[in-house]
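S.K.: This is what each chain is made of:
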Amino acid sequence: DTEVTQTPKHLVMGMTNKKSLKCEQHMGHRAMYWYKQKAKKPPELMFVYSYEKLSINESVPSRFSPECPNSSLLNLHLHALQPEDSALYLCASSHAPTDSSYEQYFGPGTRLTVT
Amino acid sequence: GQNIDQPTEMTATEGAIVQINCTYQTSGFNGLFWYQQHAGEAPTFLSYNVLDGLEEKGRFSSFLSRSKGYSYLLLKELQMKDSASYLCAVRDDGGFKTIFGAGTRLFVKA
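Sequences listed follow chains F and P, in order.
For what it's worth, this note's numbering labels the leading residue of the first sequence as 1, then goes sequentially.
For what it's worth, this note's numbering labels the leading residue of the second sequence as 1001, then goes sequentially.
So that you can see chain F by itself, here it is in the shape it has in the complex:
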């Protein structure tokens, strides 16, 4: 199984809502990532979890809150978002850098619209 799944596929939320994005992988990867991608732009790294611990936070505003409940799951909790946060949110996973295989496997993404 080389699949990363994300739910929901699409999400429309108001600026006062609280919602969560979910990501799951069963490849035994111990590194998981959240990226944000705007149209015609490359993915921008937001967070990295390694062995269920947050190892990188790219100065992301606190209205985005990541959580890694176990080695297969990654959540992104959203609260009080702004319209400019509308984007495609991609989850990815990979083996830890000490392993030989580094490539990241991406999920299909959640298309988020903030109204």
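Calculated directly from the structure, the hints in this document are not laboratory data.
Each hint should be verified, as a subset may be incorrect.
[As the list claims (entries may be wrong)] One-sided excerpt, in silico: chain P residues whose CB lies under 10 Å from chain F:
1. I1004
2. G1031
3. Y1035
4. E1041
5. P1043
6. Q1079
7. K1097
Source: prediction; values computed, not measured.
Note that the Cβ used here is the ideal one computed from N, Cα and C, for glycine as well.
Chain F is fixed; fit chain P onto it per the hints.
M.R.: Same frame as chain F, now just chain P:
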């Protein structure tokens, strides 16, 4: 600073060969990746180079020169389905952080 440059767009003909170049200047280097991304879809892994030289995988080949900060992706026997964005990405010394270039949009015409 971190800088990855690749052409914005390229057009090629079905059945032809196309080379997409990437130059990078990053504070650390722990490998270079190429990903393919179709519009509205997630990136998919194509190749990984950490040592100088050419890696071949079917119709796709990738080359790396670390001393020149340069890589290219070579696509042979182009097919219409190869129309996509191709992202060059560099992994930093720590290993977790991957910096993506802006991507090259390839249009394959009949």
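S.K.: Each hint: holds or not?
M.R.: Against the structure, the hints:
The criterion of a C-beta within 10 Å of any C-beta in chain F is met by I1004/P, whose closest approach is roughly 9 Å, and the hint holds. Of the supplied interface hints, the one on G1031/P holds, with its beta-carbon coming within about 6 Å of a beta-carbon of chain F, less than 10 Å. Because the smallest distance between the Cβ of Y1035/P and any Cβ of chain F comes to about 8 Å, under 10 Å, the interface hint for this residue holds. The beta carbon of E1041/P is positioned within 10 Å of a beta carbon in chain F (closest approach about 7 Å), and the interface hint is therefore held.
Checking P1043/P against chain F by beta carbon gives a least distance of about 5 Å; that is within 10 Å, so the hint holds. Hint status for Q1079/P: violated, given a least beta-carbon distance of 22 Å to chain F, over 10 Å. The closest approach between the C-beta of K1097/P and any C-beta of chain F is roughly 6 Å, which is under the 10 Å cut-off, so the hint is satisfied.
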